[in-house]
Amino acid sequence: MRVLICLALSLTCCCISVAQSKKIITNTYENQHMKQDGIIYSSKDFADRKTVDWSVSKQTLHGGMQDGVELIHVDNGKLKFSVIATRGMSVYKVDCGDITLGWNSPVKQIVHPKFIDLNDHGGLGWLAGFNEMMVRCGVAFAGHPGEDDGKMLTLHGRIGNIPASNVSVVVDDQPPYRIRVRGKVEEKMFKFGLFELWTEVSTVPGSNAIQFTDRLVNKSEYEKEYQIIYHANYGRPILEKGATFSAPVKKISPLDDYAAKDISTYQTYLGPTKNYGEQVYCLEMNADKDGMTTVMLNNAAGKNGVAMKYNTKSLPYFALWKNTDTETDGYVTGLEPATGYPFNRSVERSAGRVPKLKPGGEVTFHVEISVLENAQAVAAVKKQIERIQGDKKPEVSTTPPRPK
Amino acid sequence: MRVLICLALSLTCCCISVAQSKKIITNTYENQHMKQDGIIYSSKDFADRKTVDWSVSKQTLHGGMQDGVELIHVDNGKLKFSVIATRGMSVYKVDCGDITLGWNSPVKQIVHPKFIDLNDHGGLGWLAGFNEMMVRCGVAFAGHPGEDDGKMLTLHGRIGNIPASNVSVVVDDQPPYRIRVRGKVEEKMFKFGLFELWTEVSTVPGSNAIQFTDRLVNKSEYEKEYQIIYHANYGRPILEKGATFSAPVKKISPLDDYAAKDISTYQTYLGPTKNYGEQVYCLEMNADKDGMTTVMLNNAAGKNGVAMKYNTKSLPYFALWKNTDTETDGYVTGLEPATGYPFNRSVERSAGRVPKLKPGGEVTFHVEISVLENAQAVAAVKKQIERIQGDKKPEVSTTPPRPK
Amino acid sequence: MRVLICLALSLTCCCISVAQSKKIITNTYENQHMKQDGIIYSSKDFADRKTVDWSVSKQTLHGGMQDGVELIHVDNGKLKFSVIATRGMSVYKVDCGDITLGWNSPVKQIVHPKFIDLNDHGGLGWLAGFNEMMVRCGVAFAGHPGEDDGKMLTLHGRIGNIPASNVSVVVDDQPPYRIRVRGKVEEKMFKFGLFELWTEVSTVPGSNAIQFTDRLVNKSEYEKEYQIIYHANYGRPILEKGATFSAPVKKISPLDDYAAKDISTYQTYLGPTKNYGEQVYCLEMNADKDGMTTVMLNNAAGKNGVAMKYNTKSLPYFALWKNTDTETDGYVTGLEPATGYPFNRSVERSAGRVPKLKPGGEVTFHVEISVLENAQAVAAVKKQIERIQGDKKPEVSTTPPRPK
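Same order as they appear, the protein sequences are chains A, Y and P. According to the numbering used here, the first sequence holds residues 1 to 404 in order. According to the numbering used here, the second sequence holds residues 1 to 404 in order. According to the numbering used here, the third sequence holds residues 1 to 404 in order.
Bear in mind the hints are in silico, worked out from the structure with no lab data behind them.
Identical chains blur together in the list; that is why a pair holds if it fits in one copy or across any two.
BS3-like, lysine-lysine: derived pairs with alpha carbons at most 30 angstroms apart:
#, residue 1, residue 2
1, K404, K151
2, K224, K261
3, K80, K219
4, K93, K35
5, K151, K191
All chains should be built: construct the whole structure from the sequences, respecting the hints.
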């Protein structure tokens, strides 16, 4: 099923001018919305280009709690992943041959936000829809639920449960012909925050990586606090007994006393462990001269893994969420570059970890996630991490990084 | 309008193997969803079978707060009823000639869950959609709103406002050719409950009864508390001044002091009574050797009524909700087999009335509701109840069954 | 695209009998719903009538937080406005040549109620959808969020976020051939309020005015409190530095101390002013012998404006909401005839400002809004206001009108 609307535009984007082809899926301001499911673009539309076969397609889910959810499926010829336009442009899963990035959440449906009540169950309603490989938490607030300034802040904020108001698919007309899925997610409340998150999830045909390049804009004429967590979640086959986390750590501390007791072994993982619950570690990373850093999770044998490269300038903190609980209840670990730690915003503020955006100000976040398919790839990233670390020693604290 | 998808399968169901015909309305995991409204099955599809004329059809509601609600209408040739797939597989009303099971709720629309906020108005939001003949309350919690373990539990839980994720219609290929409407309702929240309620509402062509056979599964590897109330609600023509409730009562106590003062007349009903509000009685029933018991509501003249037969092993408690308030505000009584009483879960737990499901465990609930069309039918059920009661005397307490 | 369903009916409406043409957009009780967008009626359907060209059309919005919102667009030949059927029959904006009634809210999407959680952020969720020219607040409660009788009342109540269950377009068959958009909005909760608000937004072809004629019915057999605020909001081009509010004021007081300090200049407006926030004044108006009164907002030069004429018998109070904050965050003023002031209902009750409807009782609200296109029109309304005021002096209080 081919889509009939076809706009080929030359766009100026950021600082570089790249000719691009573009199709609009949704544009609420123009009341534009592509109804048909099916192929949006594929390599067949660009037959003269020497790339692998790839495609981008749209699917609408029907029935149950999924009813009306729109997915943008990307198959770059090597990786397959799905962007959930209706759930804040989260990414559901990434498949690369036998390796999957993502996890087997006990929440099986891709739940439409209309069925989510973030305020439910003491502000934990977010957990009723949580099953993505990557969900952004934020942006007026993220982290633990609780009162701040007389208002209940719900777990991990609203942005992951807001449908994107503008969605488009863009293909660069220059090599490497990057494929970009874009969506604007608006988190706006008169007098209480006017945020626009311009998300982009992109990939190069045939590559093993996807990139998140998100621009957060404060549309208010007032300076505003914001928080964002890139909540990236991995289960099997990478996570397993003996799997290892590596990073160029500058500082590490436990989120609570329960995490403190196992801080000496925080880098390795248990198999599914009943009553484990979760242990969370709070980290700061060393970075290269551009502020970029790299972290990695690899399986026990070091034969597969995932690398995350991100910008510590906009994402100076990192949480390692170890949730190696039972298989069925959710065996998963989160590698989470963020603006702060997952305490409630009131705690984060008093710790000086809540950044602000000036009136009309903006900040860009970069996160690149690569699938590591073999021992060489894992070893290469290991080297990269060691290069960033150099001979700097991690500063270890056994006290949670929160004010008394 | 005939549906084109037609799957005839042989299924093994429970312990017995019965050849069945089956059509899938919704299967979220396969993103399968029957869009068209109209007949799903009817006796014409099985012309060789000697049954009354019957049909099962699908209708989607449009506009207002009903927009998007899906109903499965069953006409078994004698009874007509509607299963609300979008509202937890509740049953709206049962019509049998001049007799209706159900009530005239002041809430007229069949409200889509997307317009219900269970946490509204002190956790009473459930009441904005309450108009069914049968709505299940539960399953992580049911009963009165209030805090339990630091979390707000909303009135009667979530299950009645969750759209079924898998819906199918099944027709037995063996006499008596039972018609089964099945739906799986998932109440899942990462770390806070992984319940699947596999519901079945069924009826035999030409019969005067519908059966609820529901299987609740704990998908967690942890033992979990659960609660369920079969909130069956009846108004006119059965409920009227002088209508009578009968049951083989083992124990009875009032829910509160207001109910206590009228406990001696709890079996009979007033006509619509302004400022009556509601009186609730808490009962345990005697049962036959299989644990089955029967209760009945009949009209003043004993010429029509409704019988409910249910399994006291999985539903050991029963609430009689007498809400003979004004006609307009809702003249109704609830006959409610349940796992406990309608106090908040915190109260029920301390009274030892909150059952648990083992990891992966399940429990099945059976409730059969029959329309009694004449004095003979009423008298026959009366006898049945007396047989179960035998010479056992009800134990009457005037104190609410809650710990101090 | 012409709509095929065409019902021409003679209806008896209220006390007067007027032949009318009518088309039904939505009737939930009959599961009737007009799916197609496009022209519903236009002057072409009544070619024999000597009116300007006019039309009424329906549009469904798609994508983002607008998905599924239904608008009824009215172009009376002079004025254009949109009734938001899905958001309680609010009116989005009124355009009349260069003059717009309405405001430039930072909330840009017309948000579907399924994406609004009124209980969010301390009961302020209403603000995530606030961008209308006219939104009714109410009806069980309106005003500030907060607990009343143990229940959380959310800001400005529910009625503005309930989809109308019955929507129709009616055209009078007698001059002046008034066009009427009608919608019934049901705010019902078993045991906690059974309100039906029968709204009508109407206009005469070629005229500069729209009329709100709403009938609120208490369907309960119990007397019930109600509250309503006609929250009419204006920004540019009428609101600007030096714009003026005029009214035949009987009494005025500030909502709080911050408003008290500027009460002497409450009638004039500042330009966009950072950190201004909002100042609110509480007024009672003088009225003519029928209880009708008129208030006006006009621009600095007195060359354009808006007049509001309303019935003080059913709307005895009035709030002037001055929100001349920054352009981007929302530069707006609200002229708000109401049953009380915008304090929480608990405060209003103790001040004796919460009216009640008897069992089955009803009350009708009239508000007419006219665009003033030139200095003469402004001057004429000014005269009208002075005539009502006569030589009565406003009674000024510098104390907020709330009990200690």
